[in-house]
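K.L.:
Keeping the supplied structure of chain A fixed, place chain B upon it in accordance with the hints.
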Amino acid sequence: MKKRKSISYAKWGVVFVLPFFIVFAICQLYPLLSTFYYSFFEYRRVQLTTVGPNFIGFDNYIELFTPDLTGNIGILKYFGNTMLMWFLGAVPQFIFALILAVIFTSERMKIKGTGFFKTVIYMPNLIMASAFGMLFYTIFSLGGPVNQIIQANGGEAIYFFNQEVSVKAIIAFINFLMWYGNTTILLMAGIMGIDQSLFEAASIDGAKSTQVFFRITIPLLMPIMLYVFVTALIGGLQMYDVPQIITSGTGAPSNTSMTMIMYLNTLIAKSRNFGLGGAVSVLIFIITAILSFVVFKSMVPSKPKKAKGGK
Amino acid sequence: MASKNLGNDSYIGYLHGKDKIKLLISRIASYAFLVFVTVLSLAAFYILLVNATRSNNEIAAGFSLLPSINIGTNLQSVMEETRFNIFKSMLMSFLIAGATGILTTYFSAMTAYGIYVYDFRGRNLLYKFIMVIMMIPTQVSSIGFFDMCQQLGLLNTYWPLIVPAVASPVTFFYMKQYLESTLPLEIVEAARVDGSNEFRTFNTISLPIMKPAIAVQLIFAFVASWNNLFLPNLIISKKDLYTVPIVLSFVRSDLNSQFQDLGYLYMVILLSILPVVIVYVILSKFIIKGVTLGSVKG
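For the protein sequence lines, the chains are A and B, in the order given.
Sequential numbering from 731 applies to the first sequence in my numbering.
Sequential numbering from -3 applies to the second sequence in my numbering.
Because the hints were derived from the structure by calculation, they are not lab data.
Source: prediction; values computed, not measured.
Beta carbons: idealized from backbone N, C-alpha and C, even for Gly.
There may be inaccurate statements among the hints.
Cross-link-like lysine-lysine pairs, in silico, DSS-like; alpha carbons within 25 Å at most [to be verified]:
id	chain 1	residue 1	chain 2	residue 2
1	B	Lys124	A	Lys741
2	B	Lys18	A	Lys840
3	A	Lys842	B	Lys14
4	B	Lys84	B	Lys235
5	A	Lys1027	B	Lys124
Part of the chain B face toward chain A, derived, beta carbon under 10 Å [unchecked claim]:
id	residue
6	Ser26
7	Glu77
8	Phe80
9	Asn81
10	Phe83
11	Gly110
12	Ile129
13	Gly140
14	Val159
15	Pro160
16	Asp190
17	Ala211
18	Leu214
19	Ile215
Quick look at which bits of chain A chain B covers, simulated, 3 or more residues with Cβ under 8 Å [to be verified]:
id	segment
20	745 to 752
21	824 to 837
22	844 to 854
So that you can see chain A by itself, here it is in the shape it has in the complex:
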């Protein structure tokens, strides 16, 4: 490496990045490694005494995948819950976002007030998820507005939070509401990144707007769609606040809305079972790592344009 000037200043680079890496090492890396480490130990609280850490090999992982009395494997069920609730929200999220992104970027339609509409649809993304959960819990509770409307029209009050379907649907709806505005804005950026001359050429050739959408917009948007989709999926795996608040941490009814992170939270806060919790963490880590790899791969093709960073 022979760089004329920067060599003498190189040590400053280390000084500038040092605080970040020191704090990262203490607050994230060490805890991450010790979490992995504990996953091979019995380390929990029984009554008021702490048991362990005693090395037990893969016993925590075996326990994690051992069916309970009813034949259910808890962690798989929680994974299924998490993914199902995420998916139920993500489908309308992406459909709405795609439609809105096309409306907002349409040269033909010249929609007015896009600033206002964007502001409105993005707002739920910044609202506290716990408050969202609490609000919807109140709205759908027995004496809440929804039941009041049902009863005012002669219907029977519905116990929304005693039924698996309605609890999952409400949680999925909140996730949809919180994220479709964000997705819209990301997809808009993607559409605006498409070479405009393609759209012009298509319109000169007399392409219909549906043709333009399916033959140009969608295919060229695919890499960004994939990126947004997988990052949303990674976010979905971490689903916690909304179901935690709505079910008060119980995952009611009978664990059907328990997510993986809620389960992890129970293991830490209630039973202090760091061994089993460690195994859950490792599992989430592995799933996230695989998905992140997909994101990383999907980002690579659009990279070369700013390749100057690498030396």
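P.N.:
Chain B alone, transformed into the frame defined by chain A:
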């Protein structure tokens, strides 16, 4: 309105009658959809706002879209709450979120500057490392973190909620992207020639250039910290240290056990989101622009 638009646009002016009608229809459909999503996004908040102004009896009597005059009563019953003090929690959350925002943005900017400006050994390795760890959810390391805090006697203190903010890979990535497009290295060289030391160059030349990126990320980091439930819920168990989301969690767990004043309940929810809503209403344009700046640019 539509015809005025058509007149302005020379390209659309060439359209035949049939196409004009088609365009008109798609415009009407688009506006209808936009109005629909607006209602969808705001309905719950509207109910919240209205019910926060109604007394418990009014709320119990039936659904209404019109606000009432009992906002003061509800506010008073929240103030008289003895089991927690949401106003204190709001202040605490504000201080924690503020400190988090400042630490995150300053140190992310600094790290991005270090990696962008200096060509030191291992720079690319560190950069790749940050890219790899960016996607790891913080919850994955929470057992180790909780255990560490417990052993250091840091449970029921705010340190574990603030200090980790120094290392935020996502904010770093955003800052690095921003630096690459706004700060020519020649400026740094020129500052050196003028005798500025490296820290001064960063603080007085680079930071002002990064102001827009810092402002956006400050808001995002603030909001993320304000809204955070998972970690604070583990670290904080003393009631007088509760942050706002923990108050909500507490209120929710209390709902199972006893009668609740619904006006009071809506007021608590309203207070918990109010600061963020106010900031958002003022700065929304700026925030929305910021969403795309860093994320999909890669």
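K.L.:
Each of the hints needs a verdict: does it hold here or not?
P.N.:
Evaluated hints:
1. B:Lys124 / A:Lys741: holds, 19 Å
2. B:Lys18 / A:Lys840: Within the cut-off at roughly 14 Å; holds.
3. A:Lys842 / B:Lys14: holds, 23 Å
4. B:Lys84 / B:Lys235: holds, 11 Å
5. A:Lys1027 / B:Lys124: Roughly 14 Å separates the two Cα atoms, so the pair holds.
6. Ser26: holds, 5 Å
7. Glu77: Constraint on glutamate 77 (chain B) not satisfied, violated at 15 Å.
8. Phe80: violated, 14 Å
9. Asn81: violated, 18 Å
10. Phe83: Not OK, violated: phenylalanine 83 (chain B) not within 10 Å of chain A, min 16 Å.
11. Gly110: Holds, because the Cβ-Cβ distance from glycine 110 (chain B) to chain A comes to roughly 3 Å (cut-off 10 Å).
12. Ile129: holds, 8 Å
13. Gly140: holds, 3 Å
14. Val159: holds, 6 Å
15. Pro160: holds, 4 Å
16. Asp190: violated, 15 Å
17. Ala211: violated, 15 Å
18. Leu214: violated, 13 Å
19. Ile215: Holds. Min distance 9 Å.
20. 745 to 752: Coverage by chain B holds for the segment 745 to 752 of chain A (6 residues, Cβ < 8 Å).
21. 824 to 837: Result for this restraint: holds, n = 5.
22. 844 to 854: holds (count 9)
Hints 7, 8, 9, 10, 16, 17, 18, counting from the list given before, are not met by this structure.
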